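Asker: Quick mapping for you: the protein sequence lines, in order, are chains C and F.
For the first sequence, counting from 1, position 21 maps to 21 in full-length UniProt numbering; every step adds exactly one.
For the second sequence, counting from 1, position 338 maps to 338 in full-length UniProt numbering; every step adds exactly one.
Simulated from the structure, these hints should not be mistaken for lab results.
All of these numbers come straight from a predicted model, not from anything done at the bench.
Treat the hints with care, as some may be off.
Identical chains share a label here; the pair holds if one copy fits it or two copies do between them.
Stated by the list, open to error - Quick list of in silico lysine-lysine cross-link-like pairs, BS3-like style, CA-CA up to 25 Å: (1) Lys124 with Lys108; (2) Lys305 with Lys52; (3) Lys131 with Lys10; (4) Lys83 with Lys324; (5) Lys161 with Lys124; (6) Lys13 with Lys52; (7) Lys225 with Lys200; (8) Lys294 with Lys305; (9) Lys52 with Lys131; (10) Lys176 with Lys200; (11) Lys200 with Lys161; (12) Lys108 with Lys161; (13) Lys131 with Lys108; (14) Lys305 with Lys83; (15) Lys131 with Lys83.
Number of protein chains: 2
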Amino acid sequence: MAAVTYEHIKTCKQSGARLGRVHTPHGIIETPAFMPVGTQATVKTMSPEELKQMDAHIILSNTYHLFLRPGHELIREAGGLHKFMNWDRPILTDSGGFQVFSLSNMRKISEDGVEFRSHLNGDKLFLSPEKATEVQNALGSDIMMAFDECPPPDADYEYVKNSLERTTRWAERCLKAHARPHDQALFAIVQGGMFADLRKESVRQLTSMDFPGYAIGGLSVGEPKPVMYEMLDVTVPLLPSDKPRYLMGVGSPDALVEGAIRGIDMFDCVLPTRIARNGTCMTSEGRLVVRNAKYARDFGPLDPKCSCYTCRNYSRAYIRHLIKADEVFGIRLTTYHNLHFLLELMRQVRQAIMEDRLLDFRDQFFAEYGLFDNERGF
Amino acid sequence: MAAVTYEHIKTCKQSGARLGRVHTPHGIIETPAFMPVGTQATVKTMSPEELKQMDAHIILSNTYHLFLRPGHELIREAGGLHKFMNWDRPILTDSGGFQVFSLSNMRKISEDGVEFRSHLNGDKLFLSPEKATEVQNALGSDIMMAFDECPPPDADYEYVKNSLERTTRWAERCLKAHARPHDQALFAIVQGGMFADLRKESVRQLTSMDFPGYAIGGLSVGEPKPVMYEMLDVTVPLLPSDKPRYLMGVGSPDALVEGAIRGIDMFDCVLPTRIARNGTCMTSEGRLVVRNAKYARDFGPLDPKCSCYTCRNYSRAYIRHLIKADEVFGIRLTTYHNLHFLLELMRQVRQAIMEDRLLDFRDQFFAEYGLFDNERGF
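If we strip away everything but chain C, and leave its shape as in the complex, we get (with noise of 0.2 Å):
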């Protein structure tokens, strides 16, 4: 049996969504779902017991980072990602190429994998395939991904096409390479950039092999939403319906909606945790950039419709001074109620898929959430 499988609940009638539970070695993920991101093997700021309280039901860590440091051995050696970190349901790791694409200097690219040098201190670094799975396997998430190329935004047809058949060879790689099928499952990412007929061509090949699930890689790197969802729309529907769908890198709240609403299972992103730490919040209002001047000696929560430990607790005064104070426990605060906010929404949206109302939610969410553009969106 595999490691991860898919459990089909229902599909919103009205919006064509799915419900479901990917079951993992390390429990089960309620989808659609949003996982927290733990780059550095830690939500930055939330302890083990703060994602629980939260219900985060996965969380996600990167390979390239834990390769720097400090090192796959050392963590192998400590248990595994697991028990090196205290969290006990399941883990996601990317597969590192990303990271390799967009942090790390001097990249020379081959048939074999990528040299880089390391973002911290220039070292000369190496990673394929089969080394990426190797780290996986060595950290030990319940999901893996295959180690892909990223084509950069502005890559033309021809390059895109180039790349995306070598991600396909890689995924064959990381498939050969995949030491502990049993206990880790290994998804593969579809690329081809903003053109449909290759994402179409990237999802024939990876299908043609037996991955355990599917991401969807490549967007939400600076392409208006419009033309996200014009990718997903070609690309969804081609992918197995008994697998989960992982769209990568996606954590604004429009586009989880959205992306639910084509089908997908699964998000990440360091979105609510990254403008957390310069004090902006999602809330049922919009964007609320706290450290604003107009909230110094506002006593209100964050968000008056939000139920999380933060806006049951401290008012945007007190928010406000510790994030100018350059108080750790402000930025805590904030990235608690963030993920909530994405937690929250995503039980939202599996209860209307349940309900068959996902497009009416959508509506009000929307209505009430405010315009998605650079005032008031993300």
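We have chain C; now place chain F onto it with these hints.
Answerer: Using the frame of chain C, we list chain F on its own:
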């Protein structure tokens, strides 16, 4: 009835230390007690729930910092400091006297008060006995401190003599300015530098007025610990036995035990939280610098004898990784551990007093903890 009263439970037959309870409007402090410091209305990196989990009975906050930012009027509008920071147990606020002398620039001291420039933005500000009292009345702390002058550590006899006499006159002005004597207690601060006769003179002057508690200030400012203990030996016996006695700015484990032996009831210090932020931990085996490379693959807890949240769940290797990677959760874990260490030490001190064996406890603790020199102590 006074806002704060001291209940004497018993005196240790072996050491002379005293076990007691300080009753305040927000609850009871079991003494001898260590008070974690929450300078800017937050104990750095900790939540109120975590402070309760480690059973902190009282925390300290800083008048100087809150006067500068966010301002005492804002905190008054918020409903007081307890409500502002979501802490419903007792709070002690210092008077700002020490910070004016240690943090600000361009001080001008007169009989009226101290003119100084904010260390944040250079604004010209003024604190006086009346102003420091007004600020603390706005904050609503259970225990307020009288505004004192802290002479520089190298001040000569004449300077210290004049200074302590001014501190007495200022204490009298604080008493007069105090607007809420029924729900806030104002403690006086004994000064006198390292001069035994001046310490005695300061006590004599201050105890001629009726303060509900007395602090000893101007110690732990760089002098050798035996000198500090000598000053306690000449000072404490002259303080009224029916009032709490508070030794300001002392938090090294050995000095807490020695202070309790000399009849001190309350202590505060930034030491445990400050050293935690660069990865230095207090353990039953002495000081442990968890950043050090030798702990990279050490999968044991910070302190094998400790039962705190950090030690029950995380390894030295993980904490070292977090601190090297600048992850906030790392300093949350070391801060939690260090505060727990001192609070647990005080529980053991109280138990030893109850059982008339505090000198035995001291000898055993010092033998296990190691020498309190610069190598292993603080």
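Asker: With identical chains, the pair Lys124 and Lys108 could be close in the same copy or across copies; at 25 Å between alpha carbons, which is it: within, between, both, or neither?
Answerer: within (11 Å within a copy, 57 Å between copies)
Asker: Go through the copies and call it for Lys13 and Lys52: within, between, both or neither, with a Cα cutoff of 25 Å.
Answerer: This pair counts as neither: shortest intra-copy Cα distance 31 Å, inter-copy 49 Å.
Asker: How do Lys200 and Lys161 come out at 25 Å by Cα distance, when the copy is not named: within, between, both, or neither?
Answerer: within (11 Å within a copy, 87 Å between copies)
Asker: Evaluate Lys176 and Lys200 at a C-alpha cut-off of 25 Å and name the case that applies: within, between, both or neither.
Answerer: within (24 Å within a copy, 82 Å between copies)
Asker: Indicate which option fits the pair Lys108, Lys161 if close means a Cα-Cα distance not exceeding 25 Å: within, between, both or neither.
Answerer: within (19 Å within a copy, 73 Å between copies)
Asker: Using 25 Å as the alpha-carbon threshold, which applies to Lys131 and Lys108: within, between, both, or neither?
Answerer: within (16 Å within a copy, 66 Å between copies)
Asker: How do Lys131 and Lys83 come out at 25 Å by Cα distance, when the copy is not named: within, between, both, or neither?
Answerer: Close inside one copy (22 Å), not across copies (53 Å); limit 25 Å.
Asker: State whether the alpha carbon distance between Lys83 and Lys324 is at most 25 Å within one copy, between copies, both, or neither.
Answerer: Classified as between: cross-chain Cα gap 19 Å, same-chain 35 Å, threshold 25 Å.
Asker: At most 25 Å between alpha carbons: which applies to Lys305 and Lys83, within, between, both or neither?
Answerer: Answer is between: at 21 Å across copies they meet the 25 Å cutoff, but 36 Å inside does not.
Asker: Taking 25 Å as the upper bound on the Cα-Cα distance, should Lys131 and Lys10 be classified as within, between, both, or neither?
Answerer: neither (38 Å within a copy, 66 Å between copies)
Asker: Please work out whether the CA atoms of Lys52 and Lys131 approach to 25 Å or closer within one copy, between two copies, in both situations, or in neither?
Answerer: neither (32 Å within a copy, 46 Å between copies)
Asker: Is it within a copy, between copies, both, or neither that the alpha carbon of Lys305 lies no farther than 25 Å from that of Lys52?
Answerer: within (21 Å within a copy, 28 Å between copies)
Violated hints for the displayed structure, listed by number in ascending order: 3, 5, 6 and 9.
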